[in-house]
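**Q** Model the placement of chain B on the given structure of chain A, informed by the hints.
If you read the protein sequences in the order shown, they are chains A and B.
So the first sequence is numbered by our numbering: it starts at 1 and just counts up by one.
So the second sequence is numbered by our numbering: it starts at 1 and just counts up by one.
Honestly, the hints are just simulated from the structure, not real lab data.
Being a predicted model, the structure only gives us computed values, none of them experimental.
Hints may be right or wrong, so weigh each one.
Which copy is meant is left open, because identical chains are indistinguishable; a pair holds if it fits in one copy or across any two.
What the hints assert, rightly or not - Using 20 angstroms as the maximum straight-line C-alpha spacing, the simulated EDC-like pairs for lysine to aspartate or glutamate come out as follows:
| # | residue 1 | residue 2 |
| --- | --- | --- |
| 1 | 42 | 92 |
| 2 | 94 | 329 |
| 3 | 219 | 301 |
| 4 | 161 | 91 |
| 5 | 300 | 329 |
| 6 | 300 | 217 |
| 7 | 300 | 340 |
| 8 | 303 | 217 |
| 9 | 339 | 304 |
| 10 | 38 | 53 |
| 11 | 299 | 217 |
| 12 | 38 | 92 |
| 13 | 131 | 117 |
Protein chains: 2
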Amino acid sequence: MSELKNDLILKALRGETVSRPPVWMMRQAGRYLPDYIKLREKYDFFTRVQTPEIACEITLQPVDQVGVDAAILFSDILVIPQAMGMTVLLEENKGPLLPNVVKNKADIDALNTGDVEDRLGYVMKALGLIKNELNGRVPLIGFAGAPWTLLCYMVEGKGSKSFDKAKQFCFTQPELAHSLLQKITDITILYLKAQVNAGADLVQVFDSWSGMLSPADFKIFAQPYLLQISDAVSKHAPVILFPKGSWYALPELSKSSASGLGIDWSLTPAMAREMTNNSITLQGNYDPTKLLQPISTIKKEVKEMIDAFGVNRYIANLGHGILPNVPVDHARAFVDAVKEYGN
Amino acid sequence: MSELKNDLILKALRGETVSRPPVWMMRQAGRYLPDYIKLREKYDFFTRVQTPEIACEITLQPVDQVGVDAAILFSDILVIPQAMGMTVLLEENKGPLLPNVVKNKADIDALNTGDVEDRLGYVMKALGLIKNELNGRVPLIGFAGAPWTLLCYMVEGKGSKSFDKAKQFCFTQPELAHSLLQKITDITILYLKAQVNAGADLVQVFDSWSGMLSPADFKIFAQPYLLQISDAVSKHAPVILFPKGSWYALPELSKSSASGLGIDWSLTPAMAREMTNNSITLQGNYDPTKLLQPISTIKKEVKEMIDAFGVNRYIANLGHGILPNVPVDHARAFVDAVKEYGN
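Next up, chain A with everything else stripped away, as it sits in the complex (with noise of 0.2 angstroms):
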């Protein structure tokens, strides 16, 4: 493997001084992007995902015409529920389906929790095209979804703005719940540990509905399976944990084996850096509706949150994934304006 050229997000993961922040953004590998919309025209989603040398060129476009500091794999959090042995469908422009949801004992026993390398292989097969096509320019990033968000879709069937499916099964079966959480987790380390071994050299846990629960139950549903993937995977390479919407969550966080953590707009850089007594490196939290203001916004703006999270420990990020209908100089202004910065 070659020397990566660009290690900034990983020095920032260690807290070592930096002359300015990495930046990438969620979902910077997608949808607002003419060459990817070219291949979703080709393609169905899953061949997108399932083919690596597709998944290699989507995941290249972002570093090849935006500038971020490092690569994310194209694919899905639901890869997992998939490998597992469920149905998932998505359409173009619309949610997830899963047809088949978890109900009972039988669902969660007819679950699969092993031959990951073996049905998930063509990520692995995908990390090592883009690790070679990539030639150090900048580290890539793994990731997988948080067990409570992946147990959300599983039981819920599809998305939802408050998942009250899901959480019903949790509040009234909590020893189900457990169970499916837990072998959710099993495979998750496999699946993460596998991907470190392909050549991600980092890798991200995405909690993106943990924020549909109170400080209690976060604690119980969500919380020690994060912490399991992050004991676990932290071995191998630097875990960031983004439970969104949990600020809640953030001083305990903190203290765990994650190297960073994820935080969305819902909070300032000042809040969450007390939150976190400022002892862990913080990604985010650019509303990505702002993306849709005038260039010149964007970079004032950006050069105020580095201000407010200050160039260490930190990595510049949207607070969520990018909207479709961002234009790719307003992306690139973000990614410049960060690059920018201190000169």
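**A** Chain B in isolation, oriented as in the chain A frame:
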């Protein structure tokens, strides 16, 4: 008007000592009650809202059948966009649809802000009927949507997970956004004052989508308008503000003219008391999904919730609307648990 036999909620809002907290539930008049469902089968949504006799009957159902300490007018926050001249469609079990969204200055100029007592005369008639039927049993709550939340629907045209279009409108055309927010504020103040004149003993302002905004943007697009409403209406009746998801705003709002603040379950009672310096009445914050648990668990958790909030300056409630699939005896158990507190 008859003297109130149960004025617990007014006492709680004035900060007076009470023997137990008052209790009501957001969306208590509605979809989980079999008698409501019977009316839904006979009359469409806006017939139920706009026919004072039907709105009165629905408003009284939870007082008679569940035993809450306050009635809340059966209506909808979208009657204001409707009164401003917009078309609002509400299909059963679907979200609202506003086919002609606000896009530009001409659309805003065309919106009506006067004649509210005429255009929403059916609400005032319903309040009079309800007040008469209540005969002083419990206080009557009036309500309106907050300007930011109404802007969300008026610009986006329907419900959304993130209201990106509404936010894009605000971030890219802030002057237009402020002129729209001011128009909504003006009519809302007239509307809430008219509700008080017609019999409402207190009012609640629902900012259901304020949590989509960062702390900085909340102060720009939500807070000034909430405060205008609170300042104007609190001269006539106590005001409860419910900025759902905007926990970060609690410190400042606790110093406002509002008598109470609603909170959701994303923060603990202790966090909310600390953020508000224990200086204002708090309302909430039971996770509605938890009403699907066994009755014994509900009763135990309600007791713990009151222990945590304290008996005074507290209104027991859910952190969001009751779910359609909650059994009536579970809703009753929630109310009973509050009434039995300390026995």
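**Q** How would you classify residue 300 and residue 329 at a CA-CA limit of 20 angstroms: within, between, both, or neither?
**A** For residue 300 and residue 329, only the intra-copy Cα distance (15 angstroms) is at most 20 angstroms; the inter-copy one is 55 angstroms.
**Q** Within a copy, between copies, both or neither: where do residue 38 and residue 92 come within 20 angstroms Cα-Cα?
**A** Cα proximity of residue 38 and residue 92: one copy only (13 angstroms, versus 39 angstroms across).
**Q** Indicate which option fits the pair residue 219, residue 301 if close means a Cα-Cα distance not exceeding 20 angstroms: within, between, both or neither.
**A** Classified as between; 16 angstroms across copies, 34 angstroms inside a copy.
**Q** One pair to classify: residue 94 and residue 329, alpha carbons no more than 20 angstroms apart. Within, between, both, or neither?
**A** For residue 94 and residue 329, the Cα distance exceeds 20 angstroms both inside one copy (26 angstroms) and across copies (37 angstroms).
**Q** With identical chains, the pair residue 42 and residue 92 could be close in the same copy or across copies; at 20 angstroms between alpha carbons, which is it: within, between, both, or neither?
**A** Classified as within: same-chain Cα gap 12 angstroms, cross-chain 38 angstroms, threshold 20 angstroms.
**Q** If the cut is 20 angstroms between Cα atoms, do residue 303 and residue 217 qualify within a copy, between copies, both or neither?
**A** Only across copies: residue 303 and residue 217 sit 17 angstroms apart there, 36 angstroms inside one copy, limit 20 angstroms.
**Q** Are the CA atoms of residue 339 and residue 304 at most 20 angstroms apart within a copy, between copies, both, or neither?
**A** within (14 angstroms within a copy, 51 angstroms between copies)
**Q** Is it within a copy, between copies, both, or neither that the alpha carbon of residue 38 lies no farther than 20 angstroms from that of residue 53?
**A** Close inside one copy (15 angstroms), not across copies (58 angstroms); limit 20 angstroms.
**Q** Within, between, both or neither: how does the pair residue 300, residue 340 come out at a Cα-Cα threshold of 20 angstroms?
**A** within (11 angstroms within a copy, 56 angstroms between copies)
**Q** At 20 angstroms max between alpha carbons, let me know whether residue 299 reaches residue 217 within a copy, between copies, both or neither.
**A** between (39 angstroms within a copy, 17 angstroms between copies)
**Q** Could you place residue 161 and residue 91 in one of the four classes (within, between, both, neither) given a Cα distance threshold of 20 angstroms?
**A** Both ways: residue 161 and residue 91 sit 19 angstroms apart in one copy and 18 angstroms across, limit 20 angstroms.
**Q** Within, between, both or neither: how does the pair residue 300, residue 217 come out at a Cα-Cα threshold of 20 angstroms?
**A** Between copies only: 16 angstroms across, 39 angstroms inside.
In terms of the numbered hints stated before, the structure departs from hint 2 and from no other.
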